[in-house]
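K.L.:
Next come the chains, spelled out residue by residue.
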Amino acid sequence: MNKQVGNVQEALKGLDNGMTLMLGGFGLCGIPENSINEIVKLGTTNLTCISNNAGVDDFGLGLLLQNRQVKKMISSYVGENDEFERQMLSGELEVDLIPQGSLAERCRAGGAGIPAFFTPAGYGTEVAEGKEVRVFNGKPHILENALHADFAIVKAWKGDTEGNLIYKATARNFNPMMAMAGKITIAEVEELVPAGSLDPNEIHTPGIFIQRIFQGEKFEKRIEQRTTRSK
Amino acid sequence: MNKQVGNVQEALKGLDNGMTLMLGGFGLCGIPENSINEIVKLGTTNLTCISNNAGVDDFGLGLLLQNRQVKKMISSYVGENDEFERQMLSGELEVDLIPQGSLAERCRAGGAGIPAFFTPAGYGTEVAEGKEVRVFNGKPHILENALHADFAIVKAWKGDTEGNLIYKATARNFNPMMAMAGKITIAEVEELVPAGSLDPNEIHTPGIFIQRIFQGEKFEKRIEQRTTRSK
Amino acid sequence: MALDKNGIAQRIAQELRDGWYVNLGIGIPTLVANYIPKGIEVEFQSENGVLGMGPFPFEGEEDADLINAGKQTITTMQGASFFDSATSFAMIRGQHVQLTVLGAMEVSENGDIANWKIPGKMVKGMGGAMDLVASADNIIVAMMHSNRAGASKLLKACSLPLTGVACVKKVVTELAVLEIKDGAFHLIERAPGISVEEIQSKTLGKLIINGDVPEMNL
Amino acid sequence: MALDKNGIAQRIAQELRDGWYVNLGIGIPTLVANYIPKGIEVEFQSENGVLGMGPFPFEGEEDADLINAGKQTITTMQGASFFDSATSFAMIRGQHVQLTVLGAMEVSENGDIANWKIPGKMVKGMGGAMDLVASADNIIVAMMHSNRAGASKLLKACSLPLTGVACVKKVVTELAVLEIKDGAFHLIERAPGISVEEIQSKTLGKLIINGDVPEMNL
Numbered sequence: 001m002n003k004q005v006g007n008v009q010e011a012l013k014g015l016d017n018g019m020t021l022m023l024g025g026f027g028l029c030g031i032p033e034n035s036i037n038e039i040v041k042l043g044t045t046n047l048t049c050i051s052n053n054a055g056v057d058d059f060g061l062g063l064l065l066q067n068r069q070v071k072k073m074i075s076s077y078v079g080e081n082d083e084f085e086r087q088m089l090s091g092e093l094e095v096d097l098i099p100q101g102s103l104a105e106r107c108r109a110g111g112a113g114i115p116a117f118f119t120p121a122g123y124g125t126e127v128a129e130g131k132e133v134r135v136f137n138g139k140p141h142i143l144e145n146a147l148h149a150d151f152a153i154v155k156a157w158k159g160d161t162e163g164n165l166i167y168k169a170t171a172r173n174f175n176p177m178m179a180m181a182g183k184i185t186i187a188e189v190e191e192l193v194p195a196g197s198l199d200p201n202e203i204h205t206p207g208i209f210i211q212r213i214f215q216g217e218k219f220e221k222r223i224e225q226r227t228t229r230s231k
Numbered sequence: 001m002n003k004q005v006g007n008v009q010e011a012l013k014g015l016d017n018g019m020t021l022m023l024g025g026f027g028l029c030g031i032p033e034n035s036i037n038e039i040v041k042l043g044t045t046n047l048t049c050i051s052n053n054a055g056v057d058d059f060g061l062g063l064l065l066q067n068r069q070v071k072k073m074i075s076s077y078v079g080e081n082d083e084f085e086r087q088m089l090s091g092e093l094e095v096d097l098i099p100q101g102s103l104a105e106r107c108r109a110g111g112a113g114i115p116a117f118f119t120p121a122g123y124g125t126e127v128a129e130g131k132e133v134r135v136f137n138g139k140p141h142i143l144e145n146a147l148h149a150d151f152a153i154v155k156a157w158k159g160d161t162e163g164n165l166i167y168k169a170t171a172r173n174f175n176p177m178m179a180m181a182g183k184i185t186i187a188e189v190e191e192l193v194p195a196g197s198l199d200p201n202e203i204h205t206p207g208i209f210i211q212r213i214f215q216g217e218k219f220e221k222r223i224e225q226r227t228t229r230s231k
Numbered sequence: 001m002a003l004d005k006n007g008i009a010q011r012i013a014q015e016l017r018d019g020w021y022v023n024l025g026i027g028i029p030t031l032v033a034n035y036i037p038k039g040i041e042v043e044f045q046s047e048n049g050v051l052g053m054g055p056f057p058f059e060g061e062e063d064a065d066l067i068n069a070g071k072q073t074i075t076t077m078q079g080a081s082f083f084d085s086a087t088s089f090a091m092i093r094g095q096h097v098q099l100t101v102l103g104a105m106e107v108s109e110n111g112d113i114a115n116w117k118i119p120g121k122m123v124k125g126m127g128g129a130m131d132l133v134a135s136a137d138n139i140i141v142a143m144m145h146s147n148r149a150g151a152s153k154l155l156k157a158c159s160l161p162l163t164g165v166a167c168v169k170k171v172v173t174e175l176a177v178l179e180i181k182d183g184a185f186h187l188i189e190r191a192p193g194i195s196v197e198e199i200q201s202k203t204l205g206k207l208i209i210n211g212d213v214p215e216m217n218l
Numbered sequence: 001m002a003l004d005k006n007g008i009a010q011r012i013a014q015e016l017r018d019g020w021y022v023n024l025g026i027g028i029p030t031l032v033a034n035y036i037p038k039g040i041e042v043e044f045q046s047e048n049g050v051l052g053m054g055p056f057p058f059e060g061e062e063d064a065d066l067i068n069a070g071k072q073t074i075t076t077m078q079g080a081s082f083f084d085s086a087t088s089f090a091m092i093r094g095q096h097v098q099l100t101v102l103g104a105m106e107v108s109e110n111g112d113i114a115n116w117k118i119p120g121k122m123v124k125g126m127g128g129a130m131d132l133v134a135s136a137d138n139i140i141v142a143m144m145h146s147n148r149a150g151a152s153k154l155l156k157a158c159s160l161p162l163t164g165v166a167c168v169k170k171v172v173t174e175l176a177v178l179e180i181k182d183g184a185f186h187l188i189e190r191a192p193g194i195s196v197e198e199i200q201s202k203t204l205g206k207l208i209i210n211g212d213v214p215e216m217n218l
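Chains as they are written, first to last, in the working numbering: chain C, 1 to 231; chain V, 1 to 231; chain W, 1 to 218; chain X, 1 to 218.
It is worth saying that the hints were derived from the structure and are not from the lab.
List time: in silico DSSO-like cross-link candidates among lysine-lysine, alpha-carbon distance up to 30 angstroms:
#  : chain 1 : residue 1 : chain 2 : residue 2
1  : C       : K183      : W       : K38
2  : V       : K139      : W       : K206
3  : X       : K124      : C       : K139
4  : X       : K124      : C       : K72
5  : X       : K206      : C       : K139
6  : V       : K158      : C       : K158
7  : C       : K139      : X       : K156
8  : C       : K158      : V       : K168
9  : C       : K131      : X       : K156
10 : C       : K72       : X       : K121
11 : V       : K72       : C       : K139
12 : V       : K71       : W       : K121
13 : V       : K72       : W       : K124
14 : V       : K139      : C       : K139
15 : V       : K41       : W       : K124
Isolated chain C (complex conformation) (with noise of 0.2 angstroms):
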């Protein structure tokens, strides 16, 4: 099944205000960089973004909070980025705070049917508050529900026409689970191959998760934390 389209704008279409998006990516690696600076300049308004992080002030989905693009972020960690904690604390931004490894589970809870289940994290917290709370072995757990997508935005290292992906080192992150959580799921991948290239063997998305995949056109691929040791 063919699922290539041309670019960036083909790939975006049926985009519109009030959408729930989720973008892949931990910090700035492995962000669908093309896809945000496309929905940027469509200007795209109202949105809720599922993501781990907000990028940073200038780069990835720091973009759009920057241009008041977004109404909700659901994420784990705020970090380093003073627009989205600015926005924040005003209230101008609605911002729901989840664990990160309950926002991974409930992403890939949306995409395999799974519509709730247990965890013990984020027990005792606010996190908890007006959640179904369960003892299992002596240990309380709280129910968490599954979280889908209107758009899922992914960004893969190599992609082929079907829609296999193949993810580069620690950039493979949220991407895989938010893949299976989409209506439509975008795949922008660095190297789109004909089906067949990849071994089967060694896909990490399998096709059948993405509607649309196509080659982005630039990727910066900026480091938030550049650490070296002297030699």
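Given the coordinates of chain C, assemble chains V, W and X onto it according to the supplied hints.
P.N.:
Chains V, W and X only, in chain C's frame:
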């Protein structure tokens, strides 16, 4: 962390009567043959075996059934295993039949610290008896619990001394989830290579889930339904 | 004339739509892959962990590590992928597979299906069937209209332990194509030369017949 | 003399045991990797999806696709593996990681920890910390004994929003090593030259001192 043990005998140390085992494989594909043959020799009894199938009468887990070493099977499919069906119908063998997807997910949950989750599979059937039912998005689901095992025994194609595993084709099946859910997980592999020989990006089961690994002496890899077409 | 197994498979293949991922059960459903209509592309998923299943291998090219859910040796198409059982059922439960075709012992007029157990006599197990029928939006049953003893398999209510509840959308037998809705079997098509009366006489569940029932076009 | 950050990391490194998988948080915990005792082997897990983390890369060898949970460029050791975030937290939640070391703003005498939010002022988010503290059997907090305003961070009860409940097993500060059990901090070791009185005066939570408290052996 070196997980290599010398042979199957060493790998199975500590296996005792009455224990719960998980055994990877689907039909005869991807089963830990060497370990099963050794358990037959050891004569360990009263075992609870969690495995999608129970092999055939004279190969795989069928050997443990023939030898009356199994007290209880937790499986999804009996199929054409006559001895399995006979022992079950006569009541000699306790059998817990559960939907294949629930079996896979319950093993994963056991390994992932998820004590329970909701699934639509089995609602309105015998499988749902005694289980909590809850409606999500208008659809009834049942609550399924995680599965755990004293020993999980899996089979991989390649493995390294750190316990990292790569499976081949559909011999992957239940092995990755069961590898996660054993208190002690044993991997038997066709080829054992030094740490660093496998591409970190291509690992299916990270070594953290494996406690013992060895290269199997012999793999018969019997085919259950040899089907071909003519040229 | 009543259809043979290949005829049933051929008729079911007409239900395929371009771009669908399809899970075919053991038996007649497997044969559906031989009749994919021209001009459409579908991809077959097998719940033991493969997407993009191809035809059976040539003799001598069988790979013990490459089988389908019926434990038959298979091949793969270009663009195939392998994955574990949890991911496989994530595809199924998460409704990423558009069509499931499977066999049955009994189907009821409200879409219940029984196909895994005859208490005290036979237990094959449900395998992946309970996950498939509880999840898929589109479920077609391929089976004979009557069992070996001659009793109808299209019933008011299933007598055998259920595999799933109110889930079957269509049944294709050697005699007819029936849609299930509003608590009844709706006769859509007859096998060539089979009379409505014969179908009626062999269907125990509520059967709705609306006007002229066309013959299948195979 | 009070320890510096490296000293705290060095003392925590003494808690490592051969064969452990370890998750190190951002800040002081990251430094623990520099002091692995001779003769033991541990492997570092980072929750963004890598097992077998190595040292920082040489200049010019940074890879934007290879970072740790602190978003720092890293390298990998032989035998490393990459995986997605769900699998990463399966390792953590499933207790396959034997030790978690993380920072904190406050720790209470019953082992509660707060480290993600100051209402109205600062919100960093919990990241993976809530999963880590709710899951791991063995949790060590690395932090300064007092905050910048000079107030104790070892309290009867946390005043900030909690990250986890009754989960911290040990706290290592620039002044002391304290074990948490039975609803109190138990003073195990003093930093070289630091008096029991100083530690007592800077600890607001219940502090148990049993006999002579030895100095750390660094």
